[in-house]
Structures are given as C-alpha cells and as structure tokens.
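Using the hints, position chain V against chain Z.
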Amino acid sequence: MGAVFSKIKDNLKEGIRENSENSLARKIAHGKNAKFIWIAVMAVLLTVPAYAGDYAINVMILMLFYMALGQMWNLLGGYAGLVSLGQQSFIGIGGYALAIVSEKYGLPAPLAFAVAAGVSVLFALVISIPIFKMQGVYFTIGTWIVSECLALWFSTWAWVHYAQGYNITVTYNLSAKQIYYVAFAVGIGSLAVVYFILRSKLGLALMAMRDNSAAAEVRGVELYRTKLKCFVISACVTGVAGAAIYLQQAFIQPSNAFGISWTVSMVFIVVIGGLGTVEGPIIGAVIYVLIRQFLYNFPGFSMVILGIIAIAIILLAPRGIMGLVQKWVSIDIFSVRRR
Amino acid sequence: MDEILRVENLSIAFGHNRVLNDLSFEVFENEVLGIIGPNGAGKTVLLNVLTGILKPDSGRIVYKGKDIAKTKIALRTRMGIGRTFQVPRSFEGMSVYENIMVGGVYGRLLSEKEAGAGADEILEHIGMAGRRGEIAGALGLLDRKRLEIGVALASKPDLLLIDEAAGGLTESEIANILEIVRGAKQKGVTVIWIEHVLQTMLEGTDRTLCIAEGRNVICGPPRMVMDSPEVHAVYLGTEEDE
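If you're matching them up, the sequences are chains Z and V in order.
Position 222, counted from 1, in the first sequence is what the working numbering calls 222; the numbers after and before it change by one each time, with no gaps.
Position 27, counted from 1, in the second sequence is what the working numbering calls 27; the numbers after and before it change by one each time, with no gaps.
Derived from the structure by calculation, the hints contain no laboratory data.
Keep in mind that this is a model prediction, so the values were computed, not measured.
Some clues are possibly wrong.
[What the hints assert, rightly or not] Listed next, the in silico DSS-like pairs over lysine-lysine satisfying Cα-Cα at most 30 Å (straight line):
no. : chain 1 : residue 1 : chain 2 : residue 2
1   : V       : Lys55     : Z       : Lys229
2   : V       : Lys55     : Z       : Lys133
3   : V       : Lys187    : Z       : Lys201
4   : Z       : Lys133    : V       : Lys187
5   : V       : Lys72     : Z       : Lys133
6   : Z       : Lys229    : V       : Lys70
7   : V       : Lys113    : V       : Lys55
8   : V       : Lys113    : Z       : Lys229
9   : V       : Lys113    : V       : Lys64
10  : V       : Lys156    : Z       : Lys201
11  : V       : Lys66     : V       : Lys187
12  : Z       : Lys201    : Z       : Lys104
13  : V       : Lys187    : Z       : Lys229
14  : V       : Lys66     : V       : Lys156
[Claimed, not checked] Computed list of chain V residues with no C-beta within reach of chain Z, every gap over 12 Å:
no. : residue
15  : Ala69
16  : Glu98
17  : Glu124
18  : His125
19  : Gly168
20  : Lys187
21  : Cys219
Each residue gets a CB set at the ideal place from its N, CA and C atoms; glycine is no exception.
Excised from the complex, chain V in its bound form:
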C-alpha cells in the first residue's frame, strides 16, 4: 500500500508545554487510522497542525509526497484534506444544502451547479436525504455531526480527518456515524479518526495509533493496541512495585 500522509518528527509547544513531541507516523491510502489517547495527549492539536490552523515548531507533514507544513489552510482543503470538528462548526444561518455547497464550491472549486448536482449523493450518504432545506442552526447533535462530515465530503477529500464524531452520541447514533465512515472508505477516502469511544475504534478502524504526551506510543491492529500493556499504562498508569 502507498502512503498518503507521512508525519515526521512533528513538534509543537505552547510556552513550556510540549504538546506534540517528535511525533511520527504514516497513513496508507484508503485505510481508516484511528487515533486514541488520554485527554491532553495532543490529538486535536495534531489535527489542527495537519489542517494548518496551527504551525508546527519543527517536523514535516508529507502529503502525497509534498511537504505541506507551510501551505495555507484553505489550500490544504483544496488539495484534498477534509476535516470535521469535535464541536460541529456548521454554518448555522445556512441551510443543509448550502452548507454542503460551501464544501464543494470552495473546497473543490466546483461551480455552484456542479456542487449542487453532487449534493444529493452526499445527503444520501450521510442519511439526510430530503432535508436539504432545513436550517443548520436548528439541527440536533447527530444531524450536525452528520452534516459536518457531509460538508467535508463535499470537497471530495482524499484524506478525511474526523475529530470525535461519536462523542456525546447514543449507541445507535454511533452506528450511524460508523456507517457513514465506512461509506467514505468504500469511495476510496483515507480517514484519520480521533475518538474516545472504543467501540468505534474496534469496529471502524483498520489500524489504531495511541498517542500520549504528544508521542507515538504504539500503532497497529485495533485489538492488539487496545490490549497492549503500553496503552494500559497510558490510561491507567504503571503499577508500582508489587
């Protein structure tokens, strides 16, 4: 498998607090890579660095063979990096359809006509067909999360970054999100998925990466990572002498 993204020795600090610490890992084409880690491990900061919201102090982000560490936010989206936020950031005054349009028109530089033509397929994909006219600000949490993924998908990403889509949802709602992510993978999208809900990691990802204190702790098949002593140590602490 070819790699689509390679993160090399990425570091970023806020004052004395080193949030990412020589973090390295790679993502292969069309896989779903799950990222877990305790609070403050640097997961969301990592996504912010990958999308360009934060600038790393050092390290390289090689996307499709190019170092994009200095590329502007909007341009990274147009290069095919889509993203969802932990707290959905939909355009609240705009309709579901218009939200999706923004993704297509600006994330992929489509004409409004082209973006509009593709909107139905995306609404179908995220399970919101027939609801295009609803105002995003009036949607419930699940719908906002689905719409968030839909807007990201509208820019036809090659790499989709998902920040805690399952947080705050019920089990059946999580199943819904899992279905949407599977659908994206089937369409050839590569996914990086940050999540606290372990069920989604086990069911929805091909590999799982655990980070703690901004370092790569362990990476591999989900089951193996979950059962590893390293992950247990990270979450529960190491046992003192018996």
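Chain Z with its partners taken away, still in its complex shape:
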C-alpha cells in the first residue's frame, strides 16, 4: 500500500517536473501567439460597452473593481505575509477624496484620483509606524482597528458631514460606459502593477517570502522594507480603486466606506482564486461577482453560499482554484518566471 502510494507520489512529481518544462499552456503563453492572445483579450474588454447592455456593463465594472481590490490584498496577504483586515481604510480614504474634491470644493473629479493616491500613501506610511510593530494576528487586528477608528472619526467630523456622508453628484452626468472605462483602467492598471512588481527585483523577494519568509531573510531579503513597500503600493492602488468605486456608487457614508465587508470580499476572492498567484484574484473576482449577482435578491443567502464555497475551497484546495489547476497543468498565464 505504502509502495503504491509513493509510486503515485513519484508519478505526480514527475508530472509536475515535465509540466514545468514543456507545458502546452506555457508554450501558448510564451509562444508567438502570446501577444495576439493579449491583444484579443484587451480588444474584447475595450469594446465591451459597444455591444453589451447596461446590466452586463455594470457586472463587468464590479468584476474589474473587485479584481483590483483582490490583486492588492493578494500582494499583502499572498506574497508579503501581511494579512490585513483594514484595506477598507484606503477605500474610504479614496472615496472621501472623491467626495471632498468634487462635492466640497467642486474641483474636477480626475483630480480626486491623484488626491486619493497621495493621501493613501501618506496614511499608509504614518500608520505603518505603529502597525508594523505588530506581528501576525496582531497586525491583522491592528489594521482592522485603524479602519474602525477612521469610521468613528469620520462619523463625528463636521468637515466631512458627519455620518451623513455625501452624494457624489458628478456621477449623475456619467454613463455606465464612461464608468466602465474608469473601472477598466483601475482593473488592468492593478494587474499591470502586480505583474511588473513580480517581474522586478522586488518580485523575486516577494515570491521567496511567499514560499518561506524566514528563509528569505537568511538569503538577504530585508523583510521590513519589502513589506513596507507592498503595504504602501497596495494602499495607493486601493485608494485609487476606492475613488473609482464611489464614482460609481454615487453616495458615500463612513459606515459603508470604512466597513470591513470590503476586506472580507477581498479575502474571499483571493482565497478561492488562489493565494499568491496573479491569476487567483481574477478568477476569484469573477466568481464572487457572479454569485452575488445571481443571488442578488437573497442577500443573506448569498453570504451563506459564499461562506460554504470558501470553506470547501479551504478544505479541498488550500491554494485556491488556481493552485488546484496548477497542480495538474502548469499554467502561468501571467508568467513571472525567470528562465
């Protein structure tokens, strides 16, 4: 029995080895076809508003937004080993940047994106000083507490209309198509950010940390610095995404903007899609948005279904759908491998 088992294991290893050498997917992704495939995908995404109805466009918008949020959470949780439950801090900051720039001061909305990015980076740097002194689960709780504090502070702050929040009226003049292109820029932009990070020197350290952070440190990776870089980059993009999301939602309130449900969905997306992979958050975001839409009329029920899926995936495929797929065929659609 034991012999049979070890034989199967050997075969599996052999399979992984062969796959990693000459998988079909890799050939496709790295052959001459790669460029054309990407051009085709981009062309489809860019022309969605031309043939899709408003409902489909809105679903696509949600997918792109959640993909961006998932990518950024994955950068922290999947690579840097920073399990945050406080990414909603930056969504709120981004959303309020939009509200304040466009509503309070009547300035052009695009400026809000720059403000969102800048304030998020600043806030991330300041908050990192106490937060990074905490390790593991304390870091997780710390990030959450920061968000809760922000929610409380904004609810009692006259300058941001207390808990009443803002109607974001610029949205009224925007069509779904226009918002779609904003979402496209945010979604594809976040993907590009992650891809280029992973291809860079920083990415090499991140992949090493993902696999074994203690060993990475012994190999010369400065964990603190690398984590801080990820935290700041993730804050920046999440802040911009927050501004874009509230451009679509048209209404912002502290309880919603700084609510933990944002990060809960990010965690869900990354965990079911595949922690520490570029493809994971894409798969996760598509599944998450589809389930939510299908069960739109049963809000409580959709949470139950999402919960069951998450538990099933954690038990059956701890590395998510992408991890499961990679076990059988070595697919790297966004290959960040050095060779």
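Same frame as chain Z, but now just chain V:
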C-alpha cells in the same frame, strides 16, 4: 593563517536551560571546521546565533574583525555569511534557477542579470546543471540539499555554515555533498560544517570541534578529536569506578 571568525564567550539560555555556555572558538580563513556534539549540544543554536536568528545573551561574534552580534540577519548574509538548514528551506514554488537568483540578488545585491549569469556555474558546482527549470517543491531530498548549498553559494559567501547536509542521505549521496563542499573550499570559501555522520567529519574537514552542553570540549585534527577520551566521554558517558 588569518582568522575569519572568532566566537568569544558566547552564551544563550532559554529559560533555565543554558544552551550555549561561554562557548569560544575561532575559524581560520579557507578551512573547513567540522562541529560535532550529541543531540542538544547547541550546534544548531550556534548557527542560529551566528546568522542572527537568535540573539546571544552575552559574548562576541567577531567576523572579519567586526563584532556582528547585533547585525541584522539579512545584512549578515550580505557581509558574506551563507547558511544551509538542516531541513532544507528551498522556495518551493520557485524554480531551481529562481532559488539561486534569490541568493545572488539579495545575498550579494547583484542585478538579476549578473545573478543569472553566475547561476550556470553554481548549478554546475552542485551537480544540477540542466535542471534549472525544475520546481524546487518537486525535488527529492538530495537535490534539495544540493540546491540549499547552491542558493547559499549564490550569495558568494566568504563563510559558509552547513547544518547537517549529510543527514538522511545514502553513502554515495554523502560523497556527492563532500564533493560540493570541497569545491567550495577550492574557491576560497571558509566552511563551518555541523554533522552527525562521522565519515564526513573525517574526510571533509580540516579541524573538528566537539561541543557538549554548549561548551567547547575539544578542537583539533578530526582523527585526534574522534579518538580523544573527552569525545568518548561526551558520547558514551564516563565510566564509573571499575
């Protein structure tokens, strides 16, 4: 011969358990110093202190004339102290080549291009040429141990600390590891090698240090140390009155 490392009165305790007890010894440039000792003698703790994973309670670690007892882990690697772990800690999701890259890029601050250019030589050295694309997580034990040394060598260490590379390997596999360590020595690397397998100590080291209960029991030529009554006493206990 100049000394590259001098350990002075190093002590560390976990609660009441003093694992290193005023331990002192020195390592000379380009020698292979073997360290033996019974389980719990403090061998791995010593390596953890030398690499900065553990902080000593007292004592000095003088590396190339500088006290590095307070230097951070990553910086010690960049100063030229490489290390392998008893249970290999390869980056399992990454390829053999990428594992080696991490060593060069972060352990020696090379560009990816420079680290990549040196990778072939290292793969050759550890006997894994032509296997750069394999995923580390799918490697067998010998390959992982070889890769572990390869990643450490990629940071071009002046001092290489090896923690039980031969444990769990067959005789011919051990010969393989011996060959790799000899190759490193030829390139001018100084080696501290912890091992239980006595064959490797006799064949692979220039001097052997025996520690027990965190103290320096005896240090000298391998054969002499192995045959010494002190080492016998440590491993087999002293005989009671006859």
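Tested hints:
A C-alpha spacing of about 27 Å is found between Lys55(V) and Lys229(Z), which places the hinted pair at or below 30 Å, so the restraint holds. Taking the CA atoms of Lys55(V) and Lys133(Z), the gap is near 18 Å; set against the 30 Å cutoff, the hint holds. At roughly 27 Å between alpha-carbon atoms, Lys187(V) and Lys201(Z) fall within 30 Å of each other, so this suggested pair holds. For the proposed pair Lys133(Z) and Lys187(V), the alpha carbon gap of about 41 Å is over 30 Å, so the pair is violated.
Note on Lys72(V) and Lys133(Z): the hinted pairing holds, with a Cα-Cα distance of about 16 Å set against a maximum of 30 Å. Among the hinted pairs, Lys229(Z) with Lys70(V) is consistent with the structure: their alpha-carbon atoms are about 25 Å apart, no more than 30 Å. The straight-line distance between the Cα atoms of Lys113(V) and Lys55(V) is roughly 35 Å, outside the 30 Å bound, and the hint therefore fails. Only pairs whose Cα atoms come within 30 Å are accepted, and Lys113(V) paired with Lys229(Z) is accepted, the gap being roughly 23 Å.
A C-alpha spacing of about 29 Å is found between Lys113(V) and Lys64(V), which places the hinted pair at or below 30 Å, so the restraint holds. Between Lys156(V) and Lys201(Z) the CA atoms are separated by roughly 18 Å; this keeps the pair inside 30 Å, and the hint holds. For the given pair, Lys66(V) sits about 23 Å from Lys187(V) by alpha-carbon distance, which is consistent with the 30 Å threshold. Restraint check for Lys201(Z) and Lys104(Z): the C-alpha separation of about 42 Å exceeds 30 Å, so the hint is violated.
Restraint check for Lys187(V) and Lys229(Z): the C-alpha separation of about 37 Å exceeds 30 Å, so the hint is violated. Annotation: proposed proximity of Lys66(V) to Lys156(V) holds, straight-line Cα distance about 19 Å (limit 30 Å). Every C-beta of chain Z lies more than 12 Å from that of Ala69(V), the closest at about 17 Å, which supports listing it as non-interface. Once the 12 Å rule is applied to beta carbons, Glu98(V) is inconsistent with being away from chain Z; the minimum gap is 5 Å.
With a closest Cβ-Cβ approach of about 17 Å to chain Z, Glu124(V) is found to remain outside the 12 Å limit, as its non-interface label requires. Every CB of chain Z lies more than 12 Å from the CB of His125(V), the least distance being 17 Å, so the non-interface label holds. Listed as outside the interface, Gly168(V) is consistent with that label: its C-beta sits roughly 16 Å from the nearest C-beta of chain Z, beyond the 12 Å cut-off. For Lys187(V), the non-interface assignment is confirmed: its Cβ lies about 19 Å from the closest Cβ of chain Z, beyond the 12 Å cut-off.
Chain Z leaves Cys219(V) outside its interface by the beta-carbon criterion, the shortest separation being 26 Å against a cut-off of 12 Å.
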